[in-house]
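*Asks:* This is what each chain is made of:
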Amino acid sequence: MPIDVDVAHVASLARLGLSPDRLDRYREELGVILDHAARVQEVDTSSALPLAHPLGQTNVFRADEVRPSLDRDEVLEMAPESRDGFFVTSPALD
Amino acid sequence: MKWEPVIGIEVHVELDTDSKMFCGCRVSFGDPPNTHVCPVCLALPGSLPVPNRKAIQEIIRLGLALNCRINPDSVFHRKNYYYADLPKNYQISQFDVPVCVDGWLDVESDETRFRVGIERVHMEEDTGKSVHVGEGGRIHSAAETLVDFNRAGTPLVEIVSRPDLKSAADARTYAQELRAVVVETGVSDARMERGSIRFDANVSIRPEGSPRLGVKVEIKNMNSFRSLEKAIRSEIGRQTALVTAGERVVMETRHWDEEAEVTHGMRTKEGSSDYRYFTEPDLAPMAFDSSWVEEARSLLPELPALRRDRYRGMGVRPAAARVLASSDPRLRSLFEEAVESGADPVAAGNWVTGEVTASLRRREASVGELPLRGDQIAALTRMVSEGRVSAGAAREVLEGVMDGEGSPSEVATRRNLLQLSDRTALEEVVEEVMAANPEAVERYRSGEGKVRGYLMGQVMRATSGRADPRAVNEILSARL
Amino acid sequence: MPSQPLSITSAGAALRSGETTSVELLAAVMSRAEMTESELHCYLNLDREGAMSAARRADRELDRGEDRGPLHGIPVAVKDNMCTRGLETTCSSKILAGYRPPYDATAVARLREAGAVIVGKTNLDEFAMGSSTENSAYGPTRNPWDTGRVPGGSSGGSAAAVAAGSAIAALGSDTGGSIRQPASLCGVVGLKPTYGLVSRYGLVAFASSLDQIGPLTRTVRDAALLLSAVAGHDPADATSYAGQTPDFAGSLDRGVDGLRLGVVKELGGEGYQPEVSEATEMMLEKLAARGAEVTEVSLPLFDVALSAYYLIAPAECSANLARFDGMRYGLSVKGSTASDTMSDTRAEGFGPEVIRRILLGTYALSAGYFDAFYGQAQKVRSLLLDEFSEAYEKVDVLVSPTSPTTAFRLGERTQDPLAMYMSDICTIPSNLSGHPAISVPIGLDSEGLPIGFQVMAPALGERLMMAVAAEVERLAGFDALPPPALAPPPGVPL
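Chains as they are written, first to last, in this note's numbering: chain G, 1 to 94; chain H, 95 to 574; chain Z, 575 to 1068.
No wet-lab data here; the hints were simulated from the structure.
Please note that a few of the clues may not be correct.
[Unchecked claim] Under the rule of at most 27 Å between Cα atoms (straight-line distance), these lysine-lysine pairs were calculated in the DSSO-like manner: (1) H/K314 - H/K324; (2) Z/K839 - H/K223; (3) H/K173 - Z/K908; (4) H/K96 - H/K324; (5) H/K314 - H/K223; (6) Z/K968 - Z/K839.
[Unchecked claim] Covered stretches of chain G (in silico footprint by chain H; criterion: 3 or more residues with CB under 8 Å from a CB of chain H, positions within the stretch not fixed): (7) 58-67; (8) 80-92.
Predicted model, so just to flag it, every value in this text is computed and none were measured.
We treat Cβ as the ideally placed atom computed from N, Cα and C, and that holds for glycine.
Model the full assembly from the supplied sequences, consistent with the hints where possible.
*Replies:* Have a look at this one:
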């Protein structure tokens, strides 16, 4: 049975402003995919540690050395909006 | 019912490295916006973080200073939340295996002495800075947000205490002591006004004696130790009033309003606290064998608590030892040099924490401008103990030395502050006084004992107060 | 005039003998692109000027006797999820329309360093999420063998460009099969290296613990040459392999005599196109005849690898794609609050498959579901790695079809995400384990569509893997070409 996802909540966590009909479609699709994905739960993993890094290296660091930064004009040229050296966005709260 | 507060403190400290946590941009303060940014700290597509080894060594050192255990295996996690000044919209932080765990800090003030448990010390990165532009520059009325990413990616350490604090005053004392440790280890300049050390408090209340914890409220935005104490006190009051009125405390984050001296609830967005932590796949796990820990330990300076005990062991008065142990390093070395030059630790401690500090304050001078050496303190204390100057005159000698008039004995001589203890000279003075006051001498000899004080006063007056009172007494006894 | 299409090897020989120049090679490739692009749409962006100046420089250097090695002067295409300084890099997404990165990906920088001429940026499924290159905001790429069919994905543009001759070789990226599956569907060689062998710096991340850059080429030798040019430790990638990289082309003539080949039991049978199974079977017989010891090996967790993958990859992608918020670069749909700007920009800028995966991954990581989904998938991943290790005690390499079917029709699977995901059933396990794998074309089905054969090896087992792949290539003698209008140009243009 497809898993019922509170897709509106998930979309808000992921900052996706989806319309109600889009949410409905995703809820349906996600339910089917998750139902399949849930097959991982059939595996006995009691002996397993989660694997996050396939290569198995440890302690990869860099020396505390300053390297050149980007040119600010180049940086702000990419921005949809900028002013006085700052990036500009809408206010934090309405 | 009586209610008791339970307080925990979260402290963020920016490390004093040259470059940022995950890229080579310079760690800076006050520079023009967005001048220390690169693909990594701007989160340009495709960029990858590489951690700063120095920052890792520093957090281990700080962890050891806070009596923590260093996790032999530690990993970075992604903490997911969206905010305009968080470039990746996740923060590289640590979750269930932080670098340092299970430490403590011993804290002392005039009134109390207690131990605060340190739950964890973990490594993360700082955010950028948002400037909310609009009426009054306040978040609630801002018309737009300007963002500067110079600070983004600065190595940031979070120190989380256990909820061991029982009052706003204790919380302040803990915060001050913690800052002293941070400064002592040299991992950060820990300047509150620059935000390189920041304090948040978790406050809850519960019926007195109850083992259960109440609903926790996080308060933010305190920019001094004083406001930390005030904010906590205000929050305790607010919560107590709520439960007394039969209402419930809601779990939330509140902002301290410095002007109004109250906390304001922040509007919380739905689900904003689901951080969806997961292991950072871009960063290899860390493994700290004993060589990492031992190296960090060997670079650890003496910490305030231990120093306090050492000073007390030397005989310094407890209060002076406490002040001295957490004082500016230059003030401490003045004390230590004085003792090395032969000063009695008790006297040297009193002088440095008392008269020297007071004089600096009067001069509105900083410790950096201190015109005084340890051997001068030693000489001064010797002059007092040997009776060459009186306690009162010694203060004046100190002023003279600090005014650059020369060594203590030079000052005492020049300002005519040396005590007269030369027997022959004093005998002459006593003779003169007795000759000038025959009736007084007569009255004393006929049994009127209190006249002796009058005679003594006349001798002191004749010597402008420099006569050694002990010697004068002896001579008087012999002559009368 | 040689009858075989150009390879890195043959073009390199012609360059050094003076038969041709880099500028001529580029012109040939560009004219191919002009002929085929309206039909195939392999490229999002052809960098005519940049490529021409690189080709001229390559020629000048060769004239002076400065030889940067096998890639010198060779026109190579780059998948559009690798950053190219100053050259538009969109990941086939509206959200990055017009975005010009201020830096080169390490793999791109190394290509330039090796003297390669970057022709342009190839089409892909948006942010490399897909198996058909239909999820591109700029329209799909079509398969040169049959333009009614998909080239596979997500590196469909790179695979089709090599198949059609509008590039001599190409770089792709492979998170769940995105190099090997399109290589298989387009009849070219595609190699996913060991995780960490090629720097990911500048590769726009889809799933960080799975992504790897690798070559799509006409021959196994070319794959070895291109891999050699881009592989090697990069201090800018903390997951980069720190050891020495071997000479990948060094054992291509070794053959398979005495090697133990494990046929993965779980990758075949029901659901597999019979002609794919038959071609695979035939190749195994030929390999056995050449002295390989062929046995069947069972790796039961392969059956749940797809499920684990569709939790882990979306989870990582949900965080990796969080940075696209409409403030620092790319599309911006301004709302009344910063939060609205983010939400509106993202809903508008991402395509349906990307949104689907972000939602899926966000859900798998969210409070209350983490342990049952993402956490459990990571444990399955760990057990899968154990299963691989056990298998590699018994055999030297594992083999299977690359894709259960040959190229499918455009639109055939777009309405059924799960059916689309099944396209990667054979390739996903090697991404989860971080091991290398390669796809080599071995024949055509009855509709004239290429069939790929996959060789998998343990971590850093590229040399042995390529020895087997080279033998497969020789045994297959695959020299079929797409229909003439879309086939690569023969030999050296003179």
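*Asks:* For this structure, which hints from the list above don't hold up?
*Replies:* Per hint list: single violation, 2.
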